[in-house]
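*Asks:* If you want the building blocks of each chain, they are given just below.
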Amino acid sequence: MKRAFLIAVPYVWLLALFLIPFAVVFKISLSDIELAIPPYTPTMKDGLWTMLSQLDFENFIFLTQDDLYWKAYLSSLQIALISTVLTLMVGYPMAYAMARAPEQWRPTLLMLVILPFWTSFLIRVYAWIGILSNEGFLNQFLLWIGIIDTPLTVLNTNTAVYIGIVYTYLPFMILPIYSALDRLDGSLIEAAEDLGCSRLKAFWLVTIPLSKNGIIAGCFLVFIPALGEFVIPSLLGGSGTLMIGKVLFEEFFSNRDWPVASAVAVILLLILIVPIVLFQRNEQKQAEAEK
Amino acid sequence: MNRLSPFNVVSLTMGFVFLYVPMLILVIFSFNESKLVTVWAGFSTKWYGELLANDAFLDAAWVTLQVAVISSTIATVLGTMAAYVLVRGGRFFGRTLFSGMIYAPLVMPEVITGLSLLLLFIGIGMDRGVLTIVLAHTTFSMCFVSVVVSSRLMTFDQSLEEAALDLGASPFTAFRLVTLPIIAPAVVSGWLLAFTLSLDDLVIASFTSGPSATTLPMKIWSSVRLGVSPEINALSTILIGLVTIGVICASLASKQAALRAKRDEQQAARAA
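The listed protein sequences correspond, in order, to chains X and G.
Counting from 1, one number per residue, gives the positions in the first sequence under our numbering.
Counting from 292, one number per residue, gives the positions in the second sequence under our numbering.
It should be emphasised that the hints constitute simulated quantities derived from the structure, not laboratory data.
Be aware that a few hints might be false.
Simulated DEER-style distance windows between Cβ atoms [stated by the list, open to error]:
#: 1; chain 1: X; residue 1: 203; chain 2: G; residue 2: 387; range: 34 to 40 Å
#: 2; chain 1: X; residue 1: 70; chain 2: G; residue 2: 467; range: 54 to 60 Å
#: 3; chain 1: G; residue 1: 341; chain 2: X; residue 2: 273; range: 45 to 51 Å
Far from chain G by the CB rule (all over 10 Å, computed), these chain X residues [to be verified]:
#: 4; residue: 63
#: 5; residue: 109
#: 6; residue: 146
#: 7; residue: 191
#: 8; residue: 210
#: 9; residue: 254
All C-beta atoms in this analysis are idealised placements derived from N, C-alpha and C, irrespective of residue type, glycine included.
Please model the complete structure; the sequences and the hints are all you need to start from.
*Replies:* Okay, structure coming up:
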């Protein structure tokens, strides 16, 4: 009895506020836009049967006809992919060095990685506007040491978006890799070296495969949210930066086209289902391995 | 593995410079006299004065704080229940769906969560305001709480709980007297995580709030879109300062708790 209650309360909460809302989005993505509040025609007002007979996918067809959406999905995938690789390239060496650091330093190093995560995301993105703008600190610095004579344009380009994503998502990459490396048995590497592996080869053949789960978890934790990112492309990207999160937000708040915004969300969700399921499998596998 | 090569030292140093210099610049330039945030014109605290005289920011901060306290508290209760069910609940109908609903919000893009909740609230005719933001924040942060708590539940010695049950405690008493004290640090960090996530959220709050409720991130967002401003730098400095103090206090407290636990163990060993 009590067990049923314990299961039911969070279950019902998540059903009502997580799963059912998706059904609502799906329903509205099939309706037509109307100048009213709410700005769409109710799909089911004449009963289920009429709805099914009039069912059309015109919002989805509209998405395939307008170049904007295709390009936004593709460029979001591209930006998320490149940023994930860059974050891995910055994060792995850091996680590796942390795992090799003397034991008494590790809690401090770990805290230094986590601290930015507790600080407002919006403020951390905002900090880069002052650094990357034409009169910003980066250009001032580069002009001062004489590497360049004219300021570089970085703000409002895709480069600024990459920097923003790497910066804000770095802790998500470092933490799972660090926890995988921390558990790694150092004697395995020594064994590989004793048996004639070079340092680099031992790293490649032993350390990387044994930290695989951490790398996978870190990459998903960066890639999936980056794909739907809205704040970073809006603040640091330019008019040429197309990302689907931004398109969705503008479709909803500026164009007030709710059915199309819902259709955009449905497609994004379909794209995300594969990586989300893979991420979840990886997490469960790890959880079971820890048991 | 206790040998740091020069490469390790360089990558750590560069990494931390990358993580901290932007925030350091924000803090330094919040004390700048000039309105231009990239040119230093002398020390001044006037932007703090202007910030504190700005009622719109103070109102937004108050709304944000209310939302964060209420939503993180409900999320901690629900998230702990969910974690307990996932780790100890055994098999039940729809368990896969349940664990899916716990993990999916962790990575779900905020625009989707925000849009779907807004359409739900409009669909059932609910007025948007503080209550709807609280509901939205509770939903995604309970999943974070549940992940934090379940990782603690998985690692602790279950025989302690069984011992309490064998000695005649009811399941609830066993939970209250044995399980809860052991998982308490995880529950507290779950609450803190939920609290910060709520303080921090812009996108979901923008979707689910109505004209009556503006949160601090929404206020920051509308002024940041117009460019860099020294007032925002001052606000950022205050927030960064609060977080730093909070994290340092939390880590000192947990260090002390660990020391106390060790001492208790030693005493128990000596007594035995």
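*Asks:* Hint by hint, say whether it matches the structure.
*Replies:* Results for each hint:
1. Under the hint 34 to 40 Å, the C-beta atoms of residue 203 of chain X and residue 387 of chain G, about 38 Å apart, fit the expected range.
2. Look at residue 70 of chain X against residue 467 of chain G: about 56 Å separates their beta carbons, and that is inside 54 to 60 Å.
3. As the Cβ distance of residue 341 of chain G to residue 273 of chain X is approximately 48 Å, the hint placing it in 45 to 51 Å holds.
4. At roughly 15 Å from the closest C-beta of chain G, the C-beta of residue 63 of chain X stays outside 10 Å, upholding its exclusion from the interface.
5. Listed as outside the interface, residue 109 of chain X is inconsistent with that label: its C-beta sits roughly 7 Å from the nearest C-beta of chain G, within the 10 Å cut-off.
6. Remark: the non-interface label on residue 146 of chain X is consistent with the geometry, its nearest Cβ contact in chain G lying 19 Å away (cut-off 10 Å).
7. Every CB of chain G lies more than 10 Å from the CB of residue 191 of chain X, the least distance being 13 Å, so the non-interface label holds.
8. Against chain G, the non-interface label of residue 210 of chain X holds: every CB pair exceeds 10 Å, the least being about 12 Å.
9. At roughly 13 Å from the closest C-beta of chain G, the C-beta of residue 254 of chain X stays outside 10 Å, upholding its exclusion from the interface.
Violated hint for the displayed structure: number 5, the only one.
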